[in-house]
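Colleague: Sequence:
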Amino acid sequence: MKFIKNSILSFSLAILLLMGACTDLDETVYSGLTDETIDVNDPEVVGYMMGEALAQFRFLYWGWNGYFDVMEECSDIYMTPKRLGVGWGDLYIPMHKHSWNSTQGHIDALWNYAYVGIGYANKTLDVLPETGPEQAQMRFIRALNYYVLLDAFRNVPLETTQDTEPGYLPEQADAQEIFDFCVSELNAIKDDLGTEKVFGYANRFAADMALAKLYLNYNAYFGTNDNSYYTLALAEVNDVIENGGYSLAPNYLDNFKVDIDGSPEVIFAIPLDHTNASHNYLVNKCLVGAGAAAYGYNGSPWNGSCAVPQFIDTYEEGDMRLGYTWAGGVQHFATEDADGNTIPQSGDPIPFGTDDWAGEGYLNYSRNVHSIDNPGAYQQEGYRFVKSEIEAGDYGTYGNDVAFFRLADAMFIKAECLLRLGQDEQTAADLITEVRSRSFDSAQGAVRTVADLKGGSIYDYGHREYTSEGFANYDPASYIVTIEGGDDIELGGLLDDLAWEFAGEHHRRQDLVRFKMSDGRNVFNGKSWFCKDATTETHWDYFPIPKAALDANISLVQNDGYQGATN
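Residues in the sequence shown are numbered consecutively from 530, following the numbering used here.
Among these hints, one or two may not hold up.
[As the list claims (entries may be wrong)] Derived Cβ-Cβ restraints for the label pairs, each shown as a range:
(1) ASP868 x ASP619: 18 to 24 Å
(2) GLU659 x ILE1012: 46 to 52 Å
(3) ALA764 x GLY1049: 35 to 41 Å
(4) SER875 x ASP655: 53 to 59 Å
(5) THR1011 x GLY951: 32 to 38 Å
(6) ASN754 x ASP790: 36 to 42 Å
(7) TRP593 x ASN772: 54 to 60 Å
[To be verified] Pairs of lysine-lysine, DSBU-like flavour, derived with a Cα cap of 35 Å:
(8) LYS726 x LYS786
(9) LYS726 x LYS916
(10) LYS626 x LYS719
(11) LYS1045 x LYS719
These are computed hints drawn from the structure, not numbers from a lab.
For every residue, glycine included, the Cβ atom is placed at its ideal position computed from N, Cα and C.
Based on the provided sequences and hints, a complete structural model is requested.
Modeller: In structure tokens:
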């Protein structure tokens, strides 16, 4: 995380330094930042703006209601129910039920973080030379922001300069323009990005990955069925796999430690640091307060997010990623070894009496959850997401780096493209088996066949919800259930593997939108799961333009399916 400490010093800190140095009352007070108050051509100022453009992507990902939430809260893996006796979680109910509108806080946050980052990038590019590594880094981060906006909103303003007249209102571009811009930019900067691996910076292979993601999802974005885009995606990930010099980390969890700059698998990372760039709040969002002691964490978790029970049931016997990713069952105090190292979950059971469904007096995360909101979830309900390393002491997950692109993802994209193209399908199966092999206690358990991947999903889709009250009461009479299963999902086995490998890694929503059922609907809309019902509506594939953005810019038009002030 040296990148954070040495390079991404907040631009706002620079402002404070400028203001704090002003002790002569006759001098100008810099109460606002404009081209008249600072010299944007000063190399030091340009450096600050470049750092801020990169830092804004960190805010986009881990700011409150940021990209992690947008991609995971509406999925079939992870949720934040209304917590009975705790008093929060209501904000996330529309995300889970797919009933959001243009005032949903998550879409406001994503839109704002992305455009602030784009603004810093544009301002920097307005004064940088037209070629070179610094210019390439800014064009990469700008294209990455537009990729996020395309995926989330489709039709958004496309701005490539901050050199505009007062009163200027950006015009909305359609999704094809945004797609074409991202592709053009990423291809144009590959050579200038180079192949050197510098933690926190993009290289050629990060651009490959962004292009591969764009091509892989093209048909989902535009409602087409054009196999040529899978061929294009395949070419990009082949460059990564064959020429990038990356390798799978020996241990799955090496990619989710506090510091991941030692993982040979990480292609592009978002660096965090608990002192200079503290953002990842999962430790508090997921754990029960008393559960902090299982990891030697000194904070006070809020008790919120948990796993969708149906997803927990999909894990295969011997798959260690279940335990790597989720904390379930009785929780134990952390202890220290002779060298003072914290060993999570190694001591006595943690006493906890609230909503004691097991009647044992210990903190015991139940697989079962009553509902998302009717009545909600009791305090010990739901397995908790712990894949992101929880650091002992005061820091928890707040300084954890993010592996935004990693080699396993490139291998999965290659496998998916081969299967969709009907080419070299055994290679596809071998790639998935290779990724799985580090996470199974037997070589045979890791093997996936072509038939496995091309078959249906083993996820037991269908609406599931207990409307009864009482933490130990799962009254069958209150059980709302539909049976849908996953046999009708095309490449359903691959979709399952994507979930097990990449749970909580910011692309489950995207995967569910991309994978289809035999009736033509995608899984995101066409399947029900815990408290969320299937639909034939397709506008849930993307989000509405935020109402605040519409109010601020009369040239913007609301996306199809979301017309109306708050729809």
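Colleague: If a hint holds in the structure, say so; if it does not, say that too.
Modeller: Structure-based check of all given hints:
no., hint, result
1, ASP868 x ASP619: 18 to 24 Å, "violated, 45 Å"
2, GLU659 x ILE1012: 46 to 52 Å, "violated, 60 Å"
3, ALA764 x GLY1049: 35 to 41 Å, "violated, 28 Å"
4, SER875 x ASP655: 53 to 59 Å, "holds, 55 Å"
5, THR1011 x GLY951: 32 to 38 Å, "holds, 33 Å"
6, ASN754 x ASP790: 36 to 42 Å, "holds, 41 Å"
7, TRP593 x ASN772: 54 to 60 Å, "violated, 39 Å"
8, LYS726 x LYS786, "holds, 19 Å"
9, LYS726 x LYS916, "holds, 25 Å"
10, LYS626 x LYS719, "violated, 40 Å"
11, LYS1045 x LYS719, "holds, 33 Å"
Of the numbered hints stated above, those contradicted by the structure are hints 1, 2, 3, 7, 10, listed in ascending order.
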